[in-house]
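Q: Spelled out, the chains give:
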Amino acid sequence: MQQLNTQHLRDYPKKPKQVYLFGTCIVDSFFPDTGMDAIELLEREGIEVIYPQGQSCCGQPAYNSGYKDEAKAVAMAQVKQFPLDIPVVVVSGSCGGMMRHHYLDLLGDDPEINNFCQRVFEFTEFLVHVLRLKPIDQGPKERVALHTSCAARREMGVHITGNKLISQLANVELVIHDYESECCGFGGTFAVKHADISAAMVADKSKNLLATDVVRYVSADHGCMMNINGALDYQKQSLRGEHIASYLLNRIKSNSSKGSL
Amino acid sequence: MKHIIEEESKYVASAKAFRANVTRDLGNEELRSNFRGAMDYLMDKRKGAFSSEDELEVLREQCKLIKQRCLAKLPHLLEQLEGNLEKNGIKVHWAETITEANEIIAQLIAQKKGKSVVKGKSMVSEETALNDYLEERNVECLESDMGEYIVQLAKEHPSHIIMPAIHQNKKQVAKLFADNIDGFEYSTDVDTLIQQGREVLRNKFCQADVGISGVNFAVAETGTLCLVENEGNGRMCTTIPDLHIAITGIEKVIEHLADVPPLLSLLTRSATGQAISTYFNMISSPRKLGEKDGPEEVHLVLLDNGRSQAFADEELKQTLQCIRCGACMNHCPVYTRIGGHAYGTVYPGPIGKMISPHMLGLEATTNLPTASTLCGACGEVCPVKIPIPKILLRLRQESVKPKSQQPQVMKGQGAGRNNVEALIWKVWAQVHKSPTMYALSMWGLTRFRFLMPKKLGGWTSVRTAPKPAATTLHQRINAKQKKTQQSQQERG
Amino acid sequence: MTNTKADIKAVSNTARGNILAKLKAEVNGADYKKLPEEVSFNYPKFSREENLAQFISELEKNHAQVIKTTKENMAEVISEQLKVLNITKLLYGENDSHREVINALDSKVDLQAYDFSIDNNKEMLFNECPAALSTSRCSIAATGSIVLWPDENEPRSLTLVPPVHLVIVDANELHADFASLMTSQQWQDKLPTNVVLVSGPSKTADIQQTLAYGAHGPKALIVLLINI
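Going line by line, the protein sequences match chains A, B and C.
With the first letter of the first sequence counted as 1, position 222 gets the number 222 in our numbering; the numbers rise by one all the way through.
With the first letter of the second sequence counted as 1, position 65 gets the number 65 in our numbering; the numbers rise by one all the way through.
With the first letter of the third sequence counted as 1, position 142 gets the number 142 in our numbering; the numbers rise by one all the way through.
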């Protein structure tokens, strides 16, 4: 996983007519609004979004737990769901990193897999580098913090693209929290297997976010947010994280109430 | 010939106690604050040590390739090193196990009738628990690195490979000195503490008959042992006593003298942010005829202790690229929280999670590779670009593999396998690779979401439980599409 | 503890055989020509003045004292430094290159040549030698390092044990960095018993990351820089 952040080496395609959306299992079952918002945002940019109903999970939970064969079976099933030669946009940096980098290791470096991996884009990466989105901010003045998941940061460079998107919002001030690049302590099964270490980490992360005195923090990964928001809720704090897809959509829609589809 | 009876490493038991150690140390607020402060300091130092990102990245690539070349030629370089050291008058010994290494050193000391040893910093001698071994044989062993000296007085082990006493603050050290040094004038002033330690240790250097040190780089081309240090105790141990014994792991050999400058530069900058250490000591022979000082005898003990097991696997072999700078632990959010002792192993932090399974077996260390979020901070700073998270993943795989599965890559393969967990993942894979099964399970999850328990083990000890949505993304998109089709039909 | 009389030579031989056999089984037939080409960073070239400035600044950052002087004034400078430090005895190496300097030192300074073996003289060396004077072979600008090349005349402990180390450094022997120095002097052909790079007085940050000088070796490093 060393320096897998190859954004600067990557050739980005021209703006496509169609894309696939990979929703991720967490978004599917817990945060479907995020998926709907991501679709709406892409559609507003004139892109047709195809959501294959056969998709499920990228396989990362099993892969990170050492169950390679199980991860492989699930990963292979995903690849089969995205046959067209169009981008696969993933609304999570962590799952995106898995599909873009680790599938080669897991499924073997064959042309079909390689082609698939090359088509995987993390959501903010896609907005910045492929759509070259320049969001027009319609929302009120606000300060927000940004938490970037570790895989998103180190494998997909999302701390750069996420930062760029937020910074383009005229009425939003981005506040950097202490230990911004430090892990929130989620780590999938780590949070269960080593619950006490994870608890110590999320305690620090939530403390550092609270210290910024923002009303909202933004992230491109629901894994981290499930962890951090869960901790904030437990602490009876009002601060919450919001997925960057929903956040951006809200900011650029003229009436800031969320449209339902 | 009598055989050596292999002793089990004392670290087997302490590594097995990882979970209990973690609970103990997470609850120690003073310890937590000592580590947080120290890690902030070291991260900051490293950050300021490179002229540009470019220099750093080229140096990392260069040093990775140097170490990979040296590992590719390892057996031949070891033979070349041995040949050149012997030619220079330095005797070379080989040990497969920690007990062999300890016994060799004990006998070398006994042959010289040595009674008192001063030691320079050597993590490999910690690995073999050499001090315990020698003390059982009535040889006094004194650690002379200030940090190691503190740790020895406290009857502890190093909590960090570069800064052994990083877990203690100056008040704790002052108390320790007060309890252990005769005539100690109580002070918490660091200068005063160091000066009092200096007095004690200088007397020992003057009197000791054996010096033991580690090795940072062993140069095959010239038969040279290189030591990196700031204090001067390493020079003392290798210069003043009559007998110098160096001990190191077999992976420390490098091919050329020209390989030294980039490795040294990256080592000190990654470790403490120093452009170079105060002393860089290159030893190529014992005292020669006419020379007025230096040891009459110099020995090198080359230790395997599980390294050849890592060497035998292309991926795990990268573990041996490590030059022991400690940057991975300095940047590790887990190490920062639990500190160095909780691991229960000689090498803590990410490097410890990678190397300890080879030394102690996966039975004792099965909790180490999983104690990581795979955040990648370690791999990002590793000066020789070891893909640490990837190696941890690999160790997790070895740990949950069926015990009998071939090939057997590691001692303790399958030690972390739990049949219930294995079954859960099997079922999970069945569900997630089949769209129908997945849809069915999601239907169940949303339908019965009120059944979702409020308590989810460790998760809910500090967090609330997440609630499944009433309708999944799959279902909502399906519904949206149906609606669109309907309205199109109506319009049509 | 039945181990005590195991034959360590036999143990070592067996271990050697086993370790090398295991390692060789893995590299068998490896083609070293196929190893990837190695890279290195191109450091900018610096002028003599820039190198000197870098050398001095690195040393001073590391708490060394740098005094620019000349061969002619050196005796006076050393005498003055010793006076300031209240030191009346100087240990020196019997090196022809600075014999004149030694002879010209303040007559109040008690001069002690390192003309003895360390054996049986350790107490004296540790307890009765407050300062030492040595030469250096060359120096390194990038890291502010002084290269000591001990020999019969300037033993290793001369520059290690006395609490104050005065070292003569010739600016004409300043090299840009360690790598170019080793290459230009072809160190791989002729390393002596011991070579030491010194980049400041002895120090430690082992207690609460607080720097303290004079951990074990010299508390003060005084660099007498000539031929600037």
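Misleading hints may appear alongside valid ones.
To be verified - Quick list of in silico lysine-lysine cross-link-like pairs, DSSO-like style, CA-CA up to 30 Å: (1) A/LYS72 to B/LYS170; (2) B/LYS10 to C/LYS5; (3) B/LYS480 to B/LYS467; (4) B/LYS454 to A/LYS207; (5) B/LYS170 to B/LYS10.
Said to hold, decoys possible - Interface residues of chain B toward chain A, partial, derived using beta-carbon atoms under 10 Å: (6) ARG19; (7) GLN68; (8) VAL334; (9) LEU374; (10) ARG396; (11) TRP428; (12) GLN430.
To be verified - Derived DEER-like restraints, expressed as beta-carbon distance ranges: (13) A/ASN115 to C/LEU211: 50 to 58 Å; (14) C/ASP189 to B/ASP182: 30 to 38 Å; (15) B/GLN481 to C/ASN42: 27 to 35 Å; (16) B/GLU29 to C/LYS61: 55 to 63 Å; (17) C/PRO44 to B/ASP182: 30 to 38 Å; (18) B/GLU29 to C/LEU211: 23 to 31 Å; (19) A/ASN115 to C/ASP189: 53 to 61 Å; (20) B/GLN481 to A/GLY46: 43 to 51 Å; (21) C/LYS61 to B/GLN406: 55 to 63 Å; (22) A/LEU104 to B/THR460: 33 to 41 Å; (23) A/GLN118 to B/MET452: 51 to 59 Å.
Please keep in mind that the hints were generated in silico from the structure rather than gathered at the bench.
Positions of the beta carbon are idealized from the N, C-alpha and C atoms, including for glycine.
Q: Taking the hints in turn, state whether each one holds.
A: Outcome of the hint check:
no. : hint                             : in the structure
1   : A/LYS72 to B/LYS170              : 52 Å, violated
2   : B/LYS10 to C/LYS5                : 23 Å, holds
3   : B/LYS480 to B/LYS467             : 23 Å, holds
4   : B/LYS454 to A/LYS207             : 24 Å, holds
5   : B/LYS170 to B/LYS10              : 29 Å, holds
6   : ARG19                            : 8 Å, holds
7   : GLN68                            : 13 Å, violated
8   : VAL334                           : 6 Å, holds
9   : LEU374                           : 6 Å, holds
10  : ARG396                           : 3 Å, holds
11  : TRP428                           : 6 Å, holds
12  : GLN430                           : 8 Å, holds
13  : A/ASN115 to C/LEU211: 50 to 58 Å : 55 Å, holds
14  : C/ASP189 to B/ASP182: 30 to 38 Å : 51 Å, violated
15  : B/GLN481 to C/ASN42: 27 to 35 Å  : 58 Å, violated
16  : B/GLU29 to C/LYS61: 55 to 63 Å   : 35 Å, violated
17  : C/PRO44 to B/ASP182: 30 to 38 Å  : 55 Å, violated
18  : B/GLU29 to C/LEU211: 23 to 31 Å  : 26 Å, holds
19  : A/ASN115 to C/ASP189: 53 to 61 Å : 54 Å, holds
20  : B/GLN481 to A/GLY46: 43 to 51 Å  : 19 Å, violated
21  : C/LYS61 to B/GLN406: 55 to 63 Å  : 57 Å, holds
22  : A/LEU104 to B/THR460: 33 to 41 Å : 37 Å, holds
23  : A/GLN118 to B/MET452: 51 to 59 Å : 38 Å, violated
In the structure shown, a violation is registered for the earlier hints numbered 1, 7, 14, 15, 16, 17, 20, 23, in ascending order.
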